[in-house]
Amino acid sequence: MCNDPKAGYEEVSKNLVKYCEGHPMSLKVLGRSLHNRDVTYWEEYVEMLKKENGHPIVNVLRMSFDSVPFKNDKELFKHIACFFVGMDRDVTETILKACL
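Its first residue numbered 0, the sequence shown is counted upward by one per residue in numbering that gives the first Met the number 0.
Wrong hints could be hidden among the right ones.
Claimed, not checked - Straight-line distance between alpha carbons at most 25 Å, and here's what the computed SDA-like set of lysine to any residue pairs gives:
#	residue 1	residue 2
1	Lys77	Leu99
2	Lys13	Ile56
3	Lys5	His54
4	Lys73	Val90
5	Lys27	Phe69
6	Lys50	Ser66
7	Lys27	Glu92
Unchecked claim - Quick list of the computed label-pair ranges, beta carbon to beta carbon:
#	residue 1	residue 2	range
8	Phe64	Val16	20 to 26 Å
9	Cys98	Gly21	27 to 33 Å
10	His22	Arg88	14 to 20 Å
11	Lys49	Asp89	34 to 40 Å
12	Glu92	Glu46	32 to 38 Å
Calculated directly from the structure, the hints in this document are not laboratory data. If you're wondering where the values come from, they're calculated on a predicted model, not measured in any experiment. Even glycine gets a Cβ: it sits at the ideal position worked out from N, Cα and C.
Based on the sequences and whatever the hints tell you, model everything.
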């Protein structure tokens, strides 16, 4: 994580933090989506998020999911997410780490 944004990114970074209500997971997802993108792309992304209906956190996660390029990857993600519903977090993390 960088605490010193590049020139031109400071204002749009503040807008993203405000939009996400400072929620760490949303900011992490956005960071991955916007990494190595130019400031214009960031600004357009903020505008797209603002047009979405619903809670900001859900919107960020939905846009991240929608940006997955392959249908099979999206389906795999959904299957994995459903598989772990109701499982203890430690068990889930152990299983997922073993897959890396």
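Taking the hints in turn, this is what the structure says about them:
1. With a CA separation close to 18 Å, the supplied pair Lys77 and Leu99 stays within the 25 Å bound.
2. For a cut-off of 25 Å, the pair hint linking Lys13 to Ile56 stands: about 16 Å separates their Cα positions.
3. Annotation: proposed proximity of Lys5 to His54 is violated, straight-line Cα distance about 28 Å (limit 25 Å).
4. Proposed proximity of Lys73 and Val90 is supported: the alpha carbons are some 23 Å apart, at most 25 Å.
5. Proximity of Lys27 to Phe69 is assessed by CA-CA distance (about 22 Å); at most 25 Å being required, the pair is judged to hold.
6. Distance hint between Lys50 and Ser66 is fulfilled; the C-alpha atoms sit about 17 Å from each other, no more than 25 Å.
7. For the proposed pair Lys27 and Glu92, the alpha carbon gap of about 18 Å is at most 25 Å, so the pair holds.
8. Checked against the given bound of 20 to 26 Å, the beta carbons of Phe64 and Val16, roughly 21 Å apart, stay inside it.
9. Remark: the range hint 27 to 33 Å for Cys98 to Gly21 is upheld by a beta-carbon distance near 31 Å.
10. Against the hinted window of 14 to 20 Å, the Cβ-Cβ separation of His22 and Arg88 comes to about 18 Å, which satisfies the hint.
11. For Lys49 and Asp89, the hinted distance range of 34 to 40 Å is satisfied, since their beta carbons lie about 37 Å from each other.
12. With their beta carbons about 36 Å apart, Glu92 and Glu46 fall inside the hinted range of 32 to 38 Å.
Consistency with the previously given hints fails for number 3 only.
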